[in-house]
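Trainee: Chains as they are written, first to last, in full-length UniProt numbering: chain Y, 1 to 220; chain V, 1 to 211.
Please keep in mind that the hints were generated in silico from the structure rather than gathered at the bench.
All C-beta atoms, glycine included, are put in the ideal place defined by N, C-alpha and C.
Distance condition first, Cα-Cα at most 27 Å in a straight line; then the derived DSS-like pairs of lysine-lysine:
no. : chain 1 : residue 1 : chain 2 : residue 2
1   : V       : Lys131    : V       : Lys81
2   : Y       : Lys177    : V       : Lys131
3   : Y       : Lys108    : Y       : Lys206
4   : Y       : Lys66     : V       : Lys65
5   : Y       : Lys66     : V       : Lys68
6   : V       : Lys179    : Y       : Lys34
7   : V       : Lys94     : Y       : Lys177
8   : V       : Lys81     : Y       : Lys177
9   : V       : Lys156    : Y       : Lys209
10  : Y       : Lys101    : Y       : Lys119
11  : Y       : Lys177    : Y       : Lys206
12  : V       : Lys156    : Y       : Lys34
13  : V       : Lys35     : Y       : Lys66
14  : Y       : Lys34     : Y       : Lys206
15  : V       : Lys179    : Y       : Lys101
Listed next, the stretches of chain Y that the computed footprint assigns to chain V, with coverage defined by at least 3 CB atoms under 8 Å from CB atoms of chain V:
no. : region
16  : 52-61
17  : 69-78
18  : 81-89
19  : 168-178
20  : 197-207
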Amino acid sequence: MDSGGGEGYAVDDYESLMSTTDVELLKTAWRNEKAAPEILKFDSNLVQRSRQLIQFMEETVDEFNKNGVDPLTVSLYQMDLDRTMFLLRSYLRTRLQKIEKYVFHIRKTAELWNRLSLKEQQFAEGCAIDLKDHLEQSVLSKLPEQYQSHLRQSAASEDDDMVPEPQLDAYVVCRSKRYLGAFQLDDGGEEPVNIEADDLYALPYKSIKPLVESGQIDLV
Amino acid sequence: MACASEPHGSAFSAAELEFLAEDEMIEIVPNLSMKALNFISGDFGPFRPQIATQVPLWLAVALKKRGKCTIRAPEWMSVDKLAQVLEAERDSEKFQPLPFHYVEISRLLFDHARDDIPDIYMVRSLIEDIKDVRFHKIGTGLEIISKERTYALRLKNLSAMEANIVRPFVTSALETFYKLSSSEMIQESNHVPNRQPQATNRGPRRQLKDR
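Chain V extracted, bound-state conformation (with noise of 0.2 Å):
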């Protein structure tokens, strides 16, 4: 077939990724006066000694980095909110609602802000848990993506990594279906290359996280 499906991969590196997360705002608590910052994506501060203040996390770490702040970590990263949603997810089928970029902020600061985060080891080992769940649950859902023929997925709840990773399959897996279920309703035309798929008989669609 002249539209063999070429291999795109996932569309963002992890750098990628990264490079989005820290975008995301954090509260961070200076030691040091500065003026306000004007910069092209917004305007920041003024940083005054122990009055905190929002900034996207790079400039966070920035700060940290050169020893003029400390972050405070989100109130999802606290044990409590983290043990909750680990129990929730455990429970559910459905994914839990965690913030876009989870994985991407943890991993920066637990790279770069260790002495900041309260229960540091905790905290670590449950996110590690969350995200086992949760790829779990991925894998679960995408053998539901095998069994029925599928034309649209709702991916509710799930973050820029997990999206990111199982976007290959499932963006191919979906294709694959939505070729057959067109050629399955042309029969005489099979030598048409680039014909227009058929939309109707395409079975039910599918939720991710309702099964």
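With the rest of the complex left out, here is chain Y (with noise of 0.2 Å):
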């Protein structure tokens, strides 16, 4: 998938080959966290699945280390299993800047609650407390009563409106592994947009979604 450019080239058979293995689901699992606005849902299979590998590699690399194989060999496998951690640490860390930037907002949207894996939820419980105390320590008490909720400007507010909120109709640069057609943004009566495979898009998140949720598109 990441090869792009024209065809013709013989290296994207061999990715579409390759498109199936944990580390590439792995791999575009982490681009589109990088790259939605929002937080996307935790693939817990897929996590637990390349939990299990890298254990494996672990594994597999002390038994080299153990039996004397040669070291070039060790050091490549163990460089194989870096790049498969860092993979893994920097899609989870990435949801973790994002539930910290969001909190407040996740944790009263069931919908973005539901998201989360487990071990985020009491996560986030930690970091909307923390957050709560820290403001009302610092500042929330020493104003007058009105002015002390942590979500709201002032008691006279309708609505949360102190709660940031991730931009839904931010844009997003994308692409489709296949011909996806005509593809009509919003609800609107704008001329559909032709998606074809492999060409990059700038569009609306918010109008595509569907697409990163099924898996029909990557972010990029």
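Hints are included, so try docking the two chains, each in its own frame, into the full complex.
Mentor: And the structure:
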């Protein structure tokens, strides 16, 4: 999926063959998570499988070391292992950053809350409590009573207007592996966009969100 | 406005793009014997002296650094091919097809496999020229966005690095147009912060390549 460019590069065939490995899937999940404005669904199966793969490889490398396999081979296996671990860590970290940023919004929106893993939910709980305490102790408790909420500008606000939310109409750069044909942005009367395979498009995240969720389109 | 645009810069750092490019396949000619490597990212090898094989770039560079192989520069990195691309790039308004990670791949090879690239100085300066021409096109392409209202942009044949560089500007420009065109449509409800943008009358879709 990374090769892009024109047809005729032999790399393309090879990569479509490889695209089913868990590392490829993890890479896609990582890129999507990094590029999407909101938090995406936690792929618990994929993360679990990646963890098992990493653990298995760690054991293999240990065994190599014990059995005196030549150092070059061991170091190459270690590099492969490091690359996979980087992907997994960066994926998890990117999610934690988003959770920190939008913690109050995620906590009150059931749909978003359910996209988190159990551990992420625990993290979000802790994060929300800490942030609230911090805001209260440092500023809010010193303000007049009607301004003491950490969610609302004042008691007169109709809804939570101090909760940062991800901007879903932000534009993202995306690419489809397959020809998707005419795609209607939004529900308006614009002429549809023809989404061709392997081409880059800058489109509003909101309108391609279902395609990202179903894996038809990757964020780049 | 409550949803004032927050700066979301480049989604990926240069190092992260390089990381992605390192998974591209490349041909090497090993000078050692080694059993097949069964990695998490796939199986590569077995390696026999003088028998060419395909490996990811990171593996090629790792072997090269230890003097265990020579790297065969990809076909598109030959002087002939690059000269063609450069000429076409200059003649046409469109972007020529190049590997998605051509910037990163050529950089990695220049850094680690200088002696394996025939005519390296030529190749290097051709790639520099191609990069310059393309970046210039991106610049003029962006001017078009500012002249006409645009709501979707096709970035045909843009590479990873190029897309990443224009991302902050392109996305915030498009978002601004999006907001402006929707607020034009809703004059009576100006004060609703998170109004639904109206979709009609948003001008034609532009393609960065067709001008």
